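We have chain A; now place chain B onto it with these hints.
Protein chains: 2
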Amino acid sequence: MVAQIIDGKAFAAKVRGQVAQHVSALKAQHNQTPGLAVVLVGEDPASEVYVAAKHKATVETGMTSFEHKLPADVSEADLFALIDQLNADPDVHGILCQFPVPEHLSERRVVARIDPAKDVDGLSVVNAGLLASGEAGLVPCTPLGCLMLLRDQVGDLTGKDAVVVGRSNLFGKPMAQLLLRDNCTVTVAHSRSNDLPGICKRADILVAAVGRAQMVQGDWIKPGATVIDVGITRVPHPEKPGKSRLIGDVDFGPASEVAGAITPVPGGVGPMTIACLLANTLTAACRAHGLAEPQGLTA
Amino acid sequence: MVAQIIDGKAFAAKVRGQVAQHVSALKAQHNQTPGLAVVLVGEDPASEVYVAAKHKATVETGMTSFEHKLPADVSEADLFALIDQLNADPDVHGILCQFPVPEHLSERRVVARIDPAKDVDGLSVVNAGLLASGEAGLVPCTPLGCLMLLRDQVGDLTGKDAVVVGRSNLFGKPMAQLLLRDNCTVTVAHSRSNDLPGICKRADILVAAVGRAQMVQGDWIKPGATVIDVGITRVPHPEKPGKSRLIGDVDFGPASEVAGAITPVPGGVGPMTIACLLANTLTAACRAHGLAEPQGLTA
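In order, the protein sequences belong to chains A and B. Its first residue numbered 1, the first sequence is counted upward by one per residue in UniProt numbering. Its first residue numbered 1, the second sequence is counted upward by one per residue in UniProt numbering.
There is no bait here: all hints are sound.
Here are the simulated DSSO-like cross-link-like pairs (lysine-lysine), alpha carbons at most 30 Å apart as the crow flies: (1) Lys201/A <-> Lys222/B; (2) Lys9/B <-> Lys201/B; (3) Lys243/B <-> Lys9/B; (4) Lys9/B <-> Lys56/B; (5) Lys222/B <-> Lys222/A; (6) Lys56/A <-> Lys69/A; (7) Lys201/A <-> Lys201/B; (8) Lys201/B <-> Lys222/B; (9) Lys222/A <-> Lys201/B; (10) Lys27/A <-> Lys56/A; (11) Lys69/B <-> Lys56/B; (12) Lys9/A <-> Lys243/A.
Pair by pair, the computed Cβ-Cβ distance ranges are: (13) Ala288/B <-> Arg181/A: 29 to 37 Å; (14) Gln295/A <-> Pro45/B: 43 to 51 Å; (15) Asp73/A <-> His104/B: 48 to 56 Å; (16) Gln295/A <-> Arg109/B: 23 to 31 Å; (17) Leu291/B <-> Ala77/A: 24 to 32 Å; (18) Glu76/B <-> Gly17/A: 43 to 51 Å.
Chain A is faced by these chain B residues, among others (derived, beta-carbon under 7 Å): (19) Val126; (20) Ala128; (21) Thr158; (22) Gly159; (23) Arg167; (24) Asn169; (25) Asn183; (26) Thr185; (27) Thr187; (28) Val188; (29) Ser193; (30) Asn194.
These are calculated hints, taken from the structure and not from any lab test. Since the model is a prediction, treat every value here as computed from it, not as a measurement. Backbone N, C-alpha and C define an ideal beta-carbon position, used for all residues, glycine too.
Extracted from the complex, chain A is given alone in its bound form (with noise of 0.2 Å):
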């Protein structure tokens, strides 16, 4: 077999446009445009590289970005000062705080400053109990939007069998909780299970995010499943001296034999990850202001 390359650039400019025909209509029919605030604490040239993809995106859907820049001696005070202004800007909807911040501040302390009907990210503790106890609250982008690509490449996932490679706060878990909702059996596999091959190679739908560069091997997959490879590592270029590449968790080459779907590195899980920080933006504005969520773009 060879496996259908899932396109998640395509489908994430799908979504996108999604986003922005809502956004359109928002303006029209209501008056209302969402509004995204990111925060960045100090200069690390990745975060600006982020923060400005981000604008960009936010943007080009017709919603308005409010850009703060804070120097990187920031006093918690200060940074909390400001997160609060954002809770209380009827012009925001959606808030986050490029991480990492300076090791002088608390993830942990932001998150849970940051209103979790804002908190687009969907990192909080509130948003995370939401996800578990299933109710509507705000879902982490990443795992939010794999859901998104399996349900548009599976159709309805009840019954299938579903395995969760790592269980990280920022993806495994919620990602496991979204799997249960849409009716998957769902199993988490980790560092410390025995036997990952086997784990693997039981799953229809096989998410893999624990950063080890090509940790699943060809052979662990069942023939046809559908493979989401959410792992992205740096590595020298092997061609090119100087140069790097992203390589995923997953063996592509061997993978893509095996699979009967799967994502690529780059270009599979990452381009999704902005367009369901816009989509969770648009979803915080609807239910701002007593509107229907939009549909297809929420978990």
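For chain B alone, coordinates are given in the frame of chain A:
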């Protein structure tokens, strides 16, 4: 193989004894007495039995028991006023409202009103989020009791294949989180799972919580597995007309010929629930006073 029968009644008595020892030490060394407030709305006979049992067990450990009975037609405002008063009372470390409550009240809203630090049933969204995030919160009593039984029976759970059948907010989902925290590979199966027998048969640890009498058959069980039966269904007694008996989700007779260890119904998981309610109240009291948490009595 003939399975070892896990004596939940004896183990629960041991846990209550440990709680009592800690309570005694708290009084002697810190002049603090943990207090549990139970709110009963209306006059449901079964609820009155449960509340009386909780009161008796609380007093027996040396803790203070506060009972509040409200009429069946109490308004939400009056119930919330009582909860607010208990939230503010420094002598009250744990609060629970006995469910079900009359239909004009919302269990979800009642739980949300209780201070998460006093929510000893562990049912609030915040406590679900803390559990899902791997942070210290209060864990629902029945899954905590099952975890204690498993740790006692199996020892280190790392790498074990654990299967939880059932995905309720009250039991299945928090049970899965606890097993994951203890480094099991965790599968959550449910009514929509394909091949439930095959999934169960993979389990080193099988936890059944679906509420369907004797659904789990003997030949669904891996030889030597540890089986925890959380189901309780009341059925007519086969030999005593007009009498009833309790049976679990597991077909006990055939299962006990395959399993390595198994909890009976009654006398297995059931007695652990109140023991863990007391343990949670003790934990909440220790935290409230900035003291070390009791070892072995928390997740």
